[in-house]
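Enquirer: Sequence:
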Amino acid sequence: MTTTTMAVDVPASITSPFDYKDILRRLQQKGRSLFGPHFKLHKPDLPIIVPIVAWMLRDDVVASQCRIDLNKGIFLGGDIGTGKTQLMQLMRCIVYSPYEYAVHSCPKIALDFGKSGTQTIMRYSYDCLSKNSSIQAVCCFDDLGKEINTKHYGTSCNIMQQILLARYELFVQHGIITHVTSALNTLQLEEKYGTGIRSRFREMFNRITFPANTADKRKNYLQ
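Heads up, the sequence shown is in my numbering, so the first residue is 5 and it goes up one at a time.
Honestly, I wouldn't trust all of these hints.
Quick list of the computed label-pair ranges, beta carbon to beta carbon [stated by the list, open to error]:
1. 26 - 157: 48 to 56 angstroms
2. 207 - 138: 34 to 42 angstroms
3. 47 - 123: 41 to 49 angstroms
4. 19 - 84: 29 to 37 angstroms
BS3-like cross-link-like pairs, simulated, lysine-lysine; straight-line CA separation at most 25 angstroms [what the hints assert, rightly or not]:
5. 150 - 221
6. 119 - 150
7. 44 - 221
8. 47 - 221
9. 76 - 135
10. 196 - 119
These aren't lab readings, by the way, just hints derived from the structure by calculation. Just so it is clear, CB atoms sit at the ideal spot from N, CA and C, and this is done for glycine as well.
Using the sequences and the hints, build the whole thing.
Expert: In structure tokens form, the structure reads like this:
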């Protein structure tokens with residue numbers, strides 16, 4: 005049997021009823037089974053990974069230490085190749101019910117609007133309150149900003165803007181959680197989705213961002 009070597013360790017300053025070292029070890033093993041043997045968790049990414057793990061475990065002790073509000077979702081920012089998508093996919097392995105979620109591609113949602121029109125907005129927002137919905141109430145929207153404006157029978161729509169505005173209402177009224185990954189910075193988000201989006205995002209999300217100097221992990225996979 006091959007022994008898996010952990011690439012990261014937990015800072016001594018973190019105190020928790022959970023064994024984070026073991027959790028990270030198991031996440032790395034699961035990541036290799038999901039994404040391939042090249043996958044590993046990197047020590048410089050711990051300030052990003054640990055707060056998200058705390059959110060998924062509903063660990064209020066570490067969440068408080070990391071200044072994470074468990075009543076808000078995760079907005080995971082960072083340049084292309086930093087591992088945002090894989091990280092949010094991986095975290096589904098440890099998230100507690102009823103906070104389980106699926107990861108939905110924003111570019112694909114835009115294409116869905118071209119086929120189904122405004123029903124796409126309902127599907128990823130208000131319909132989530134229905135017991136018969138095919139979409140879980142908690143959603144993670146991946147690659148926010150990479151979608152294009154699409155048309156349905158001549159009607160153009162900034163589809164993710166409309167979905168996020170609707171989910172903001174659901175958050176305020178029902179506490180429905182949304183997660184997002186995006187390579188856009190704050191100014192780019194405002195330019196694409198409107199000036200009112202910044203204040204809504206502050207209410208909805210814990211913003212966690214990979215540093216600008218984070219290596220492109222895809223390049224490392226090809227070496």
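Enquirer: If a hint holds in the structure, say so; if it does not, say that too.
Expert: Against the structure, the hints:
no.	hint	in the structure
1	26 - 157: 48 to 56 angstroms	holds, 54 angstroms
2	207 - 138: 34 to 42 angstroms	violated, 27 angstroms
3	47 - 123: 41 to 49 angstroms	holds, 45 angstroms
4	19 - 84: 29 to 37 angstroms	holds, 35 angstroms
5	150 - 221	holds, 19 angstroms
6	119 - 150	holds, 18 angstroms
7	44 - 221	holds, 10 angstroms
8	47 - 221	holds, 13 angstroms
9	76 - 135	holds, 23 angstroms
10	196 - 119	holds, 22 angstroms
Consistency note: the structure conflicts with earlier hint 2 alone.
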